[in-house]
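Generate the whole structure from the sequences, applying the supplied hints.
Just so you know, the sequences run in chain order V and Z. Here the numbering used here runs 21 ahead of the position in the first sequence, where the first position is 1. Here the numbering used here runs 305 ahead of the position in the second sequence, where the first position is 1.
No lab work stands behind these hints: they were computed from the structure. Take these hints with a grain of salt, some might be off.
As the list claims (entries may be wrong) - Each computed DSSO-like pair below joins lysine-lysine, with the alpha-carbon atoms no more than 27 Å apart:
| no. | chain 1 | residue 1 | chain 2 | residue 2 |
| --- | --- | --- | --- | --- |
| 1 | Z | K382 | Z | K462 |
| 2 | V | K47 | Z | K312 |
| 3 | Z | K312 | Z | K462 |
| 4 | Z | K382 | V | K47 |
| 5 | Z | K312 | Z | K382 |
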Amino acid sequence: MTESYDDRGGEADGEGSTAGPPRWVKVFGIIALVLVVLVVVMLLVGGNHGPGRHVGDGADSHSSSSNVDQAGAGVGREPPAGVHTR
Amino acid sequence: MPPRVRKFVLTAHVASSVGWLGAVGVFLALAIAGLTADDAQVVRAVYLAMDSIAWFVLVPLSLASLLTGLVQALAGKWGLFRHYWVIVKLGINLVASVVLLLYMQTLSYLAGLATEPTLSDGLSPVLHAGAALLLLLVATTLSVYKPAGMTRYGQRKQRQRPGPRAL
Chain V
22 MTESYDDRGG EADGEGSTAG PPRWVKVFGI IALVLVVLVV VMLLVGGNHG PGRHVGDGAD
82 SHSSSSNVDQ AGAGVGREPP AGVHTR
Chain Z
306 MPPRVRKFVL TAHVASSVGW LGAVGVFLAL AIAGLTADDA QVVRAVYLAM DSIAWFVLVP
366 LSLASLLTGL VQALAGKWGL FRHYWVIVKL GINLVASVVL LLYMQTLSYL AGLATEPTLS
426 DGLSPVLHAG AALLLLLVAT TLSVYKPAGM TRYGQRKQRQ RPGPRAL
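Pasting the structure below:
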């Protein structure tokens, strides 16, 4: 594995030394940008994404939380501290 | 870095990174099982297992991968900001680790509610694990192929000193 590092290193250095970012970097950048925009849109539209989405303050977070209590699962469970402030 | 230490760090980095990838695959399989199961006890078992795997396998492996990758880059010949593929891998590792740590709160809470047979958020672990698997596959591919491309910083460094082959 280390040997392959050495081999590829020589090629990579030579190809990347004359121009700006190679094409694959630009493609990766565009894909990353699209994904970031997608996540932001989901956050704005959905408004219910993130680590605190499941942690309820009762009525609005978990539609079937009453079922959980009936089954005895949610009894005594407290949401993680500092997670959900909505 | 002495060759012995370098090989040890490289071995630790490969082991933790590939181990992380495999663990995410197991996590995704469990998440799909939890999503499709009808039996409440199966769902409960799956979510409890996912919680344990996440805390005791995913989180340690992700942090180990990040740490050994940083040591490998900074103390080795590749550098952290000289090659685009190293920067992309670092970004993937950071994003995946941060999202994993943020998601742990959700996962622990889901595990606490695991007896609910109609868990409404069953798709969430599948989506997160699927995205993580894709990201880690990309990182692994970058590690093996090391596509060409040096940053301006790397080019400057290369002009100042002998290239990585000589280091």
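Evaluated hints:
1. Z:K382 / Z:K462: The given pair, whose Cα atoms are some 11 Å apart, holds under the 27 Å limit.
2. V:K47 / Z:K312: Roughly 32 Å separates the two Cα atoms, so the pair is violated.
3. Z:K312 / Z:K462: holds, 24 Å
4. Z:K382 / V:K47: Holds. Z:K382 to V:K47 sits at ~25 Å (cutoff 27 Å).
5. Z:K312 / Z:K382: holds, 13 Å
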